[in-house]
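Convert by adding 2 to the 1-based position in the sequence shown; the result is the number in my numbering.
Simulated from the structure, these hints should not be mistaken for laboratory data. All C-beta atoms in this analysis are idealised placements derived from N, C-alpha and C, irrespective of residue type, glycine included. Please note that a few of the clues may not be correct.
[Unchecked claim] Pairwise CB distance ranges, derived in the manner of DEER restraints:
(1) Glu74 - Gln53: 46 to 56 Å
(2) Gly68 - Leu90: 51 to 61 Å
(3) Asp64 - Leu4: 21 to 31 Å
(4) Glu85 - Leu11: 34 to 44 Å
(5) Leu15 - Leu90: 46 to 56 Å
(6) Gln72 - Arg92: 22 to 32 Å
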Amino acid sequence: MLWVATGVLLLVLPFLLWPLLFPPPGGERLDSPPPRGEGREGVAGATDREQVLHAIEEVELDAASGRLDQAEASRRLAELRVEAEEVLRRK
Numbered sequence: 003m004l005w006v007a008t009g010v011l012l013l014v015l016p017f018l019l020w021p022l023l024f025p026p027p028g029g030e031r032l033d034s035p036p037p038r039g040e041g042r043e044g045v046a047g048a049t050d051r052e053q054v055l056h057a058i059e060e061v062e063l064d065a066a067s068g069r070l071d072q073a074e075a076s077r078r079l080a081e082l083r084v085e086a087e088e089v090l091r092r093k
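Please model the complete structure; the sequences and the hints are all you need to start from.
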């Protein structure tokens, strides 16, 4: 059984080491983010939009878990919706 496991490991080892021995062409990493302006609406606009969406999600989760009462949650959501409309207008 040990011989079989050793043989399988020796057969698989080149495939496991392949990315380390031969990196992708261009020397860039596969998980690197796209350059600025490519694949995003704009760095500042996308960041503002993501922040507003994250804040809305946090308020909704707090309301669902009971950390915020319904009146406070609806007030905060209304403020965040106004802020989201402003962010969308800036585009």
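Hints, verified against the model:
The hint said 46 to 56 Å for the Cβ distance between Glu74 and Gln53, and at roughly 20 Å that hint is violated. As the Cβ distance of Gly68 to Leu90 is approximately 31 Å, the hint placing it in 51 to 61 Å is violated. Asp64 and Leu4 have their C-beta atoms about 56 Å apart, which leaves the hinted 21 to 31 Å range violated. Against the hinted window of 34 to 44 Å, the Cβ-Cβ separation of Glu85 and Leu11 comes to about 56 Å, which falls outside the hint.
At roughly 52 Å, the beta-carbon separation of Leu15 and Leu90 lies within the given 46 to 56 Å, and the hint holds. Gln72 and Arg92 have their C-beta atoms about 31 Å apart, which keeps the hinted 22 to 32 Å range intact.
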